[in-house]
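Enquirer: Next come the chains, spelled out residue by residue.
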Amino acid sequence: MTMYIGYRGIANKILLYVVLCLISMAILFPIVWMLLSSFKTDAEALRSPITWFPHNPTVENYVKIWQIKPFLLFFLNSIIAAGGTASISTIIGCLAGYGFSRFMFFGRTFLIGLFLVTQMLPGVLFIGPYFKILSFTHLYNTRIGVIIAYVTLCLPFCAWMSKAFIDTIPKELDESAMIDGGSRLTVFFRIVMPLALPGIAATFIFGFLLAWQDLLLVSALTYSESLQTVTLGIARLIGEFRVRWTMLMAGSLVGMMPAIVLYSIMQRHLVKGLSVGAVKG
Amino acid sequence: MKSHSLSKRGHFVQAPYLFILPAFLILFSVVVFPAIMTLRYSFSTSEGNFTLDNYSYLLSDKLFFSAFKNTLMFVGGSVAFQYIIGLGMALLLNLEFKGRPIFRLIALLPWMIPDVISGVIWKWTLDPTFGFLNDFLLKLGFIDEGILWLSKSHLALLCTVSVNIWRGFPFVMIILLAGLSSIPGQLYEAASVDGAKRIQRFLYITLPSLRGATIVALALATVWEFRRFGLIMAFTRGGPGRATEVFSTFVYKQYFEFFRFEYASATAIVISAIICVISLPYLYTIMRQT
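Sequences listed follow chains A and B, in order. The number in our numbering is simply the position in the first sequence, starting from 1, with 406 added. The number in our numbering is simply the position in the second sequence, starting from 1, with 761 added.
Hints listed in this document are in silico derivations from the structure and should not be mistaken for laboratory results. Nothing here was measured: the structure is a model prediction, and the numbers come from that model. Heads up, the beta-carbon is just placed ideally off N, CA and C, and yes, glycines get one too. Be careful, since some hints might not be right.
[Unchecked claim] List of simulated lysine to aspartate or glutamate pairs, EDC-like, C-alpha gap at most 20 angstroms:
id, chain 1, residue 1, chain 2, residue 2
1, A, K419, B, E857
2, A, K470, A, E631
3, A, K470, A, E450
4, A, K538, A, D573
5, B, K1014, A, E646
6, A, K538, B, E857
7, A, K538, B, D822
8, A, K470, A, E646
9, A, K475, A, E646
10, A, K475, A, D586
11, B, K1014, B, D822
12, B, K900, A, E450
[To be verified] Where chain B lies over chain A, by a calculated footprint (3+ residues, C-beta under 8 angstroms):
id, region
13, 476–483
14, 554–567
Same shape as in the complex, but just chain A:
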């Protein structure tokens, strides 16, 4: 695609960068605004006319979020919920992905269809029954209950993504290992898993991020403040009578950091996993 630019020389290049910078500004301004606001005092943020840059930059908000709200606990809850969900979904998803990738068997099409359909179904279809089932089993308002609900959200995606990654590993490897006397499970754990590791890491992170972002299930299935995740904590803060915007902006920044870091690290593999079917066909 180099031919789109290059021939027409320097003027085109400058135009390109101008366009890119304008677009970047359009994309970034709310994020920059959040960043700037998070370093302002409450009084400065709620002053008219408004200031763009903080006059007396302060990190006070970043200290307050841990004190006024149990943000550390919210963080911990998010990590436990997302980590637990991603672990379960990845392990079980990889097993299923391997099954789908390596075997032709009766009912395969039906089962793949089932996995795909479940990843389409909206969370609101489940919150009612989950509420009843978890209350009945005394798991309502517990971390385990939240993780069980999150697995619904993540497992179909994880199975589907890991299948795509396992597909890229030649199945002749399995077969030669089995001729050498390995069982299917040995092959799976000793050969396929290590080779698919980058893909499996991407699957784990994708599951982690799906769970990290959720608001619906955690609001439906918990009521204690001590079980709130970061997203729920932030959503509750904005529902309060007097919104503490500067603190909320600091909290938002902290809350989005894990997602941004993980996405950036795994960007390439995530794209591969998400665009299954996008390149073929």
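Fit chain B to the known structure of chain A by using the hints.
Expert: This is chain B only, laid out in the frame that chain A set:
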């Protein structure tokens, strides 16, 4: 018959089922079973007797239809513009230039942010008095007084859709970028040799080659936007009034604010059915490949 040779030996026939069994059991117990429970609740009264009242009530519920209309506008507007902008950005960021990784990262940023947080930071940016956008537009002289972005029905819905376009276009972009990078360069060279103009190359090479990527991107974006919840809860909570109420917030409120369990179930069933029908083309495409 990939594992035919193995299954002849006999003891590997059950292997595929054993690998899939754990996932299947979990999916059955946490997806299929609850979905059937919801279906059953949707046909029952609060005492547990069979009834069709929930569905007949739904058909006469103006609020449901207003949420339906909002959802269509929200999903339609979001997906259409996410695609247009995502395609434009993919073409732009597929060019080769210095600093491309940085610009790709910037373009991806909105998609990496959890949607609840996007809702929060945009609400603050659009604050009529203390927000950045009004101040910026005032300083440029585009407006004479601050706009109440989220207080008027139509404007609030427009803002919600716009924020969601901002949030979601990068996803379409990365899928299309993956599609673009798989187009062989020789195709363009051959076309150039044959004297094809840039627009022709785009129409006859680029667009047809992106067909698969487009289906995946549109299908996943559509399904995800139908489910969008956090962004709207944080941004408008469905307000002002019911102006930005969509399916997911509507059902959630029926369950946990109005405690109409059976009616909420009926609405959830209808919505799920709609989503399933819409995702059929995607399912068909994917299934044909596997």
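Enquirer: Take the hints in turn and mark each one as holding or not.
Expert: Hint-by-hint comparison with the structure:
1. K419(A) - E857(B): holds, 11 angstroms
2. K470(A) - E631(A): holds, 17 angstroms
3. K470(A) - E450(A): holds, 16 angstroms
4. K538(A) - D573(A): Between K538(A) and D573(A) the Cα gap is close to 39 angstroms, so the pair fails against 20 angstroms, i.e. violated.
5. K1014(B) - E646(A): holds, 18 angstroms
6. K538(A) - E857(B): Given that 20 angstroms is the threshold and the Cα spacing comes to 55 angstroms, the pair is violated.
7. K538(A) - D822(B): violated, 26 angstroms
8. K470(A) - E646(A): holds, 16 angstroms
9. K475(A) - E646(A): holds, 12 angstroms
10. K475(A) - D586(A): violated, 58 angstroms
11. K1014(B) - D822(B): This hinted pair holds, its Cα atoms lying about 15 angstroms apart.
12. K900(B) - E450(A): Distance ~19 angstroms between K900(B) and E450(A) Cα, so the pair holds.
13. 476–483: violated (count 0)
14. 554–567: holds (count 7)
Violated hints, listed in ascending order, are 4, 6, 7, 10 and 13; each of the other numbered hints is respected by the structure.
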